[in-house]
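J.: Below are the chains, spelled out letter by letter.
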Amino acid sequence: MQNNFDDIIDKLDKGELWDFPGGVFPAERKTLSNQTPIAKLPIPERLYVTVKQHIGVEGHLIVEVGQKVLKGQALTKSMNPFAVPVHASTSGEITAIHKHVSAHPSGLPELTVQITSDQDDKWTQLSPMVDYQNQPKTKVLAAICDAGISGMGGAGFPTHIKSSPKKDVDFLIINGIECEPYITSDDRLMREHSWQIRQGIDVLCHLLKPKHVLIGIENNKPEAIEAMQVACRENPNYRVCTIPTKYPAGGEKQLIQVLTNREVPAQGLPVDVGVIMHNVGTCFAIADAIFAGKPLISRVVTVTGEAVEKPSNVWALIGSPIAHLLTHCEYKQTLQKQSNIIMGGPMMGFNVSSDLVPVVKTTNCILAPTDNEMASNNEQACIRCSACADACPASLLPQQLFWHAKAKELDKAQDYNLFDCIECGACAYVCPSEIPLVHYYRIAKAEIRVEQEDKQKSDKARDRFEKREARLIAEQQARDEKHRLAAEARKQAMASNGNNSKDKIAAALARAKAKKQALSEVDDKAIEATELAPANTSEQTAKAEVAEPATKVASSNQRVQAAIARAKAKKAAAEVTDINTELKDKDDASNLKDEQLKQPQQHIDVKKQPNKVSMSTKTVVTDSIPKAVETPPTEKPTITDSKQAKIAAAVAKAKAKREAQKAANSQVAAEPVSAAKVDNIKTVSADELVKTEEQQIDMKKRRIAAAVAKAKAKKAAEKADKSS
Amino acid sequence: MKFRLASSPHQHIRRDTGQVMRLVILAMIPGVLLQTWFFGWGTVIQIGLAIITAVVTEAAILELRKRDFERALKDYSAVLTAMLLAVSIPPFAPWWVIVIGTFFAIGIVKQLYGGLGFNVFNPAMAAYVMLLVSFPVQMTQWIPPVNLAQYSHNFMDALNAVFTGFSVEGFSLAQLKTGIDGVTMATPLDTVKTGLAQGFTYSETIERPIFDSVISGLGVASSWISLGYLLGGLYLLKQKVINWHIPLSMIAGLFICSLIMSLVDSDLYPSSLFHLFNGSIIIGAFFIATDPVSASTTNKGRIIFGAAIGVWVYLIREWGGYPDAVAFAVLIMNMAVPLIDYYTRPRTYGHSSSKRKSKDKAQS
Numbered sequence: 001m002q003n004n005f006d007d008i009i010d011k012l013d014k015g016e017l018w019d020f021p022g023g024v025f026p027a028e029r030k031t032l033s034n035q036t037p038i039a040k041l042p043i044p045e046r047l048y049v050t051v052k053q054h055i056g057v058e059g060h061l062i063v064e065v066g067q068k069v070l071k072g073q074a075l076t077k078s079m080n081p082f083a084v085p086v087h088a089s090t091s092g093e094i095t096a097i098h099k100h101v102s103a104h105p106s107g108l109p110e111l112t113v114q115i116t117s118d119q120d121d122k123w124t125q126l127s128p129m130v131d132y133q134n135q136p137k138t139k140v141l142a143a144i145c146d147a148g149i150s151g152m153g154g155a156g157f158p159t160h161i162k163s164s165p166k167k168d169v170d171f172l173i174i175n176g177i178e179c180e181p182y183i184t185s186d187d188r189l190m191r192e193h194s195w196q197i198r199q200g201i202d203v204l205c206h207l208l209k210p211k212h213v214l215i216g217i218e219n220n221k222p223e224a225i226e227a228m229q230v231a232c233r234e235n236p237n238y239r240v241c242t243i244p245t246k247y248p249a250g251g252e253k254q255l256i257q258v259l260t261n262r263e264v265p266a267q268g269l270p271v272d273v274g275v276i277m278h279n280v281g282t283c284f285a286i287a288d289a290i291f292a293g294k295p296l297i298s299r300v301v302t303v304t305g306e307a308v309e310k311p312s313n314v315w316a317l318i319g320s321p322i323a324h325l326l327t328h329c330e331y332k333q334t335l336q337k338q339s340n341i342i343m344g345g346p347m348m349g350f351n352v353s354s355d356l357v358p359v360v361k362t363t364n365c366i367l368a369p370t371d372n373e374m375a376s377n378n379e380q381a382c383i384r385c386s387a388c389a390d391a392c393p394a395s396l397l398p399q400q401l402f403w404h405a406k407a408k409e410l411d412k413a414q415d416y417n418l419f420d421c422i423e424c425g426a427c428a429y430v431c432p433s434e435i436p437l438v439h440y441y442r443i444a445k446a447e448i449r450v451e452q453e454d455k456q457k458s459d460k461a462r463d464r465f466e467k468r469e470a471r472l473i474a475e476q477q478a479r480d481e482k483h484r485l486a487a488e489a490r491k492q493a494m495a496s497n498g499n500n501s502k503d504k505i506a507a508a509l510a511r512a513k514a515k516k517q518a519l520s521e522v523d524d525k526a527i528e529a530t531e532l533a534p535a536n537t538s539e540q541t542a543k544a545e546v547a548e549p550a551t552k553v554a555s556s557n558q559r560v561q562a563a564i565a566r567a568k569a570k571k572a573a574a575e576v577t578d579i580n581t582e583l584k585d586k587d588d589a590s591n592l593k594d595e596q597l598k599q600p601q602q603h604i605d606v607k608k609q610p611n612k613v614s615m616s617t618k619t620v621v622t623d624s625i626p627k628a629v630e631t632p633p634t635e636k637p638t639i640t641d642s643k644q645a646k647i648a649a650a651v652a653k654a655k656a657k658r659e660a661q662k663a664a665n666s667q668v669a670a671e672p673v674s675a676a677k678v679d680n681i682k683t684v685s686a687d688e689l690v691k692t693e694e695q696q697i698d699m700k701k702r703r704i705a706a707a708v709a710k711a712k713a714k715k716a717a718e719k720a721d722k723s724s
Numbered sequence: 001m002k003f004r005l006a007s008s009p010h011q012h013i014r015r016d017t018g019q020v021m022r023l024v025i026l027a028m029i030p031g032v033l034l035q036t037w038f039f040g041w042g043t044v045i046q047i048g049l050a051i052i053t054a055v056v057t058e059a060a061i062l063e064l065r066k067r068d069f070e071r072a073l074k075d076y077s078a079v080l081t082a083m084l085l086a087v088s089i090p091p092f093a094p095w096w097v098i099v100i101g102t103f104f105a106i107g108i109v110k111q112l113y114g115g116l117g118f119n120v121f122n123p124a125m126a127a128y129v130m131l132l133v134s135f136p137v138q139m140t141q142w143i144p145p146v147n148l149a150q151y152s153h154n155f156m157d158a159l160n161a162v163f164t165g166f167s168v169e170g171f172s173l174a175q176l177k178t179g180i181d182g183v184t185m186a187t188p189l190d191t192v193k194t195g196l197a198q199g200f201t202y203s204e205t206i207e208r209p210i211f212d213s214v215i216s217g218l219g220v221a222s223s224w225i226s227l228g229y230l231l232g233g234l235y236l237l238k239q240k241v242i243n244w245h246i247p248l249s250m251i252a253g254l255f256i257c258s259l260i261m262s263l264v265d266s267d268l269y270p271s272s273l274f275h276l277f278n279g280s281i282i283i284g285a286f287f288i289a290t291d292p293v294s295a296s297t298t299n300k301g302r303i304i305f306g307a308a309i310g311v312w313v314y315l316i317r318e319w320g321g322y323p324d325a326v327a328f329a330v331l332i333m334n335m336a337v338p339l340i341d342y343y344t345r346p347r348t349y350g351h352s353s354s355k356r357k358s359k360d361k362a363q364s
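For the protein sequence lines, the chains are A and B, in the order given. The numbering of the first sequence is this note's numbering, which starts it at 1 and goes up by one. The numbering of the second sequence is this note's numbering, which starts it at 1 and goes up by one.
It is possible that part of the hints are untrue.
What the hints assert, rightly or not - Quick partial rundown of chain A residues pointing at chain B, CB under 8 Å, derived from the structure:
{"#": "1", "residue": "N80"}
{"#": "2", "residue": "F82"}
{"#": "3", "residue": "A83"}
{"#": "4", "residue": "L397"}
{"#": "5", "residue": "V438"}
Stated by the list, open to error - Chain A regions said to be covered by chain B (calculated; three or more residues, Cβ under 8 Å):
{"#": "6", "segment": "348 to 354"}
{"#": "7", "segment": "384 to 396"}
These are calculated hints, taken from the structure and not from any lab test. Heads up, the beta-carbon is just placed ideally off N, CA and C, and yes, glycines get one too.
Hey, can you work out the whole structure from these sequences and the hints?
T.: Below, the structure is given as structure tokens:
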């Protein structure tokens, strides 16, 4: 499908070219400005250097207000590969760094360095690289990047990136088409500086190693063609191609089509078809940067239109307000009913909102037309004549795009390949109903972009939410499973009298239980119930106690904990008294425990520590009692803490005793159980007092457990608050 | 200082919709002149009536729709529609026929669909079909060319005939219709159709004495008028007001169909040239089917649209109930335009062919 390199060369040798569909032939009006040499302008008093003048990222400012700068001194710096610096266009003082009206259709203010010229125009230290051929490519590329060169034809893509492609390059195309009416800056540049442009091409050839170089120039610029032919005569690999004048032949995709009959795939780059294209102005700037070491601080700008008395091309310092250029070319505002200044050509340029808009690296023309020259838009209904479709160089159906764009049917507009529109304006130019078609496309494109961004955001949010839900469910399941295992393990441990257990309390508990079992001659069922209930109680109590030292300052919390402990003890006692409902109660108790565990867990989840959490879950559930005992030691409990803890323990004890007595009175079977509970509480409180001695397990585990315990305590406190 | 802000492009080609319409009207003039030459002032009176009705209707409805009617009238689209309808109806048709027709074309077919650019059907043809179906007698009373008419008529006669049905001297429309040989005039297409229906072959029909006068009368007139419109159509092509796709494909469609059939049986099927230069093929191809609003907008689509009209015309002429069929064919194809447009999208730069694209879509 793609045209073979040799076939292309054969055809070019015959002097034949391809064509692109559509296109229009607006009045050229180039002779207005291309008759005189490029003029030098006096240095403007103030320069407004916009920090970002290219596609990509802006650099960081490395200058400050009040600093003196020299001509060519870099104002920004960045390590980002998509950033190119901007430079001081003349020597002087930085008088402000603020937002200034930008050279953009929106005219929105952008960060700008304001330089007040000292009129000395003193250069900074320059470092040319004349022997670039012996330098590594990266060094040459770095020099181009440091010179702040970005595409000067229109889009302003960083040149060093375009010059370091990852694919082989068949053709390096130098774009000297300049198809927009009125503009002659490239024309004059080629006429006057063809040698330097050729030097720039040499540098690009060194970097890109293309098989062939094509220099495309429209046939309405015979002088430029001749100058370039003379400059490129020595190198047979450079070919100057005369292109028939048709707008927009200078569009990147169109020129590639005309010269090679290759089509850049949609959403692809020219290098995908083996082509790299650079503007002649960019070549000139590259030569400046390499051979003179000069950064990109000035460019040729056409100042034209019938509202300027002396239309011509000028060397404009980057950052010069356009008013400076217009004054020089004698702009007559009286020739316009309303000020109407266009930056760029009449087909793709944009109206500026102020004459303080600065010249930027992509500014090729300042157009001041009279009212008669440029028709005003007087939009009428579309009559579907499809003159637009006949004019479209991308073979789009502009009137369908317009229809869908106007009706906000954005998906359909995309279906009609809205994003393949290059906004050349050929459709709107021919439209008999004077519909500003491109304007509609721009709006639709912007809306689609916003929509896509929004969608991306919401997708991300949804994704996050779903993942979180899944995680929570998984954790819940894991927890439930562990609970079950833990309960079983506990049961087993108790059944086997707690041997092998490293858990002293559990052992003690088990011992106590065994004792009581021996003493009381109740049936097995009752024993089982008594075994479980105290286990729970003690666990909870311990937990409450752990919380005390952990939440050092919160004494109220501690009180709450104590209260909870009390309540628990009471409940447990009450539970065991009723043998008939023992099993149900047991379930309730474990449910309660589950809930308690669950909630702190979630609390921690939010802090995104899933691993730790699950780990701690495990430890807490399986060895809740020992953990509780072990955790506090790292932090020395304050006196009040321990005091309060003691008080709490005492109260709990007393409560438990009373309950036990009550229970004993009512039922014999319950007595030992209560006693055991009291024992438990005692043990635990005692443990708390001596916990500093028990540092047998490694610190890490302890810290995790502490965190869990803390969280749990907090949660429990909250719960207690709520319930009370 | 306030700056003007407008969207690019700032330059426009100096041709607006009004100019396009005026160019089309201009291109109609040779045909209209010839028609007047052959059939007298009736045509001019019909055009005048139609234009007045069209402009008044358009203005009134735009006013009702709260639109700027002065600006809308400047686009001349209503005038063009009126002219196309007026030249399609018999010159001495009663005044109310053209008034109702034009009102229908502008008020119903165009404005009720949203005005210029939004009508699905060609307003002139829709109105013509409405008139033909509603008032078949008035719509088929073609008069003989001036030089062959038994009773000559001047401007006042025509005016009177249109408004009262009688000329100044009191001749009725039926009398005005009578040819110099005392035979009521019919169009060649009609005559052939009738002849074939009566069991004559095509060659027999055209050899019948009655056909001589038909051919030398309406036949010649029709051919001349067609040539007039052909001239105008070529001018429009040269001015790039219309593209070649629709006229050429429409003529080719009819030509090829009639050629094949006349080769199959030249007794039953008239020759291609007979088809092309009789009836309203030329004006249809260059002025009616090319109406941009209701025609296809892609180049491929235009070819399909035009060719299909040609085929429909042939089908209806040969096997349908009406002697001529441009209006029906155009209306039928108007309905198919969205479909045609959808399936004939050109391949966009940088995209593989649209078929492959839809396949890709189906896969993804």
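J.: For each hint, tell me whether it holds in the structure or not.
T.: Hint check:
The interface hint given for A:N80 is broken, as the beta carbon of that residue sits about 29 Å from the closest beta carbon of chain B, more than 8 Å. Checking A:F82 against chain B by beta carbon gives a least distance of about 24 Å; that is not within 8 Å, so the hint is violated. The interface hint given for A:A83 is broken, as the beta carbon of that residue sits about 28 Å from the closest beta carbon of chain B, more than 8 Å. At about 6 Å, the closest approach between the beta carbon of A:L397 and any beta carbon in chain B falls short of 8 Å, and the interface hint on this residue holds.
Here the hint on A:V438 is kept, as its CB sits about 6 Å from the closest CB of chain B, short of 8 Å. Using a Cβ-Cβ cut-off of 8 Å, 7 residues of the segment 348 to 354 of chain A lie near chain B, which meets the minimum of three, so the contact claim holds. Against chain B, the segment 384 to 396 of chain A contributes 9 residues with a C-beta closer than 8 Å to a partner C-beta. That satisfies the three-residue criterion, and the hint holds.
In this structure, the earlier hints numbered 1, 2, 3 are contradicted, and the remaining ones agree with it.
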